[in-house]
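> Numbering-wise, my numbering comes out as the position in the sequence shown, counting from 1, plus 41.
Hints may contain errors.
As the list claims (entries may be wrong) - Keeping only pairs whose Cα atoms sit at most 20 Å apart, straight-line, the calculated SDA-like set for lysine to any residue is:
id, residue 1, residue 2
1, 133, 146
2, 56, 152
3, 133, 110
4, 56, 140
5, 133, 109
6, 56, 72
In case anyone wonders, no lab produced these hints; they're calculated from the structure.
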Amino acid sequence: MSEGHLAVMLRAAGKRCLVVGGGAVAHRKVEECLRAGLEVLVVSPSLAPPLRDLVRQGRMRWRQGEFEPRDVEGMFIVFAAATPAVNETVCKAARRAGVLVNVVDCPELSDFISPAVLQRGPVTVAVSTGGASPALAALIRDRIADVVGDEVGEWAEVLASFRRRVQERVGDAAARQDLLRRAAALDGATCIARGEREALLAMLDSWLRVADPGVRVDPGARGGGGTQGG
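All chains, please: the whole structure from these sequences, using the hints.
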């Protein structure tokens, strides 16, 4: 796709997804959709063994047969992962129904692309080459994974908890923004990796007390069990 891209993250959990095709590529797309919480329907005359396993586990549905245009009805997104001729038919049907479609290995026919994703708790890093080279996107993702550890996700959870408390307790908007910027600028992930999590939490508590002396710190709220992004 030579056009500009709009990078967005959609809430997909519970929405319906259609994957047309039953081979290895379709299996990869199904796994991506399941991780996102989508309800997956696969349409194909046959299924590769890993997809059959998912059907047996009740993790996806399968309609055995050839693709029919009515299959796209009610779908949130569609992946075409079959033969080129079938993929073109799927693309046309999805466009007529107003459903976004991804045609595997054919970015020029796709409304969206699937980036290589790295997940660390609530932190998501997505790498895309615009469909030029998914293998390169995966390689870059893996290199990022070498330097972005699990502590980054834990730090994001701490920041989410701190953000909620600041919003609840600090009335002045400018003071809220200053606190949140200062907290985000900390190298919290490194502190957590060094075993300095409690000291980090104590520092954030002290900042909150200075901003609002009436705050009574609740030790149970410091841990950051939330997963909201910043």
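> None of the hints should be skipped; say for each whether it holds.
Hint-by-hint comparison with the structure:
1. Restraint check: the Cα-Cα separation between residue 133 and residue 146 comes to about 16 Å, which is no more than 20 Å; the hinted pair holds.
2. The hinted pair formed by residue 56 and residue 152 meets the criterion: a straight-line CA distance of about 18 Å does not exceed 20 Å.
3. For the hint linking residue 133 to residue 110, the alpha-carbon distance of about 9 Å falls within 20 Å, and the restraint holds.
4. Between residue 56 and residue 140 the alpha-carbon distance is near 13 Å, which keeps this suggested pair within the 20 Å criterion.
5. With a C-alpha separation of about 11 Å, the suggested pairing of residue 133 with residue 109 holds against the 20 Å cut-off.
6. Proposed proximity of residue 56 and residue 72 is supported: the alpha carbons are some 15 Å apart, at most 20 Å.
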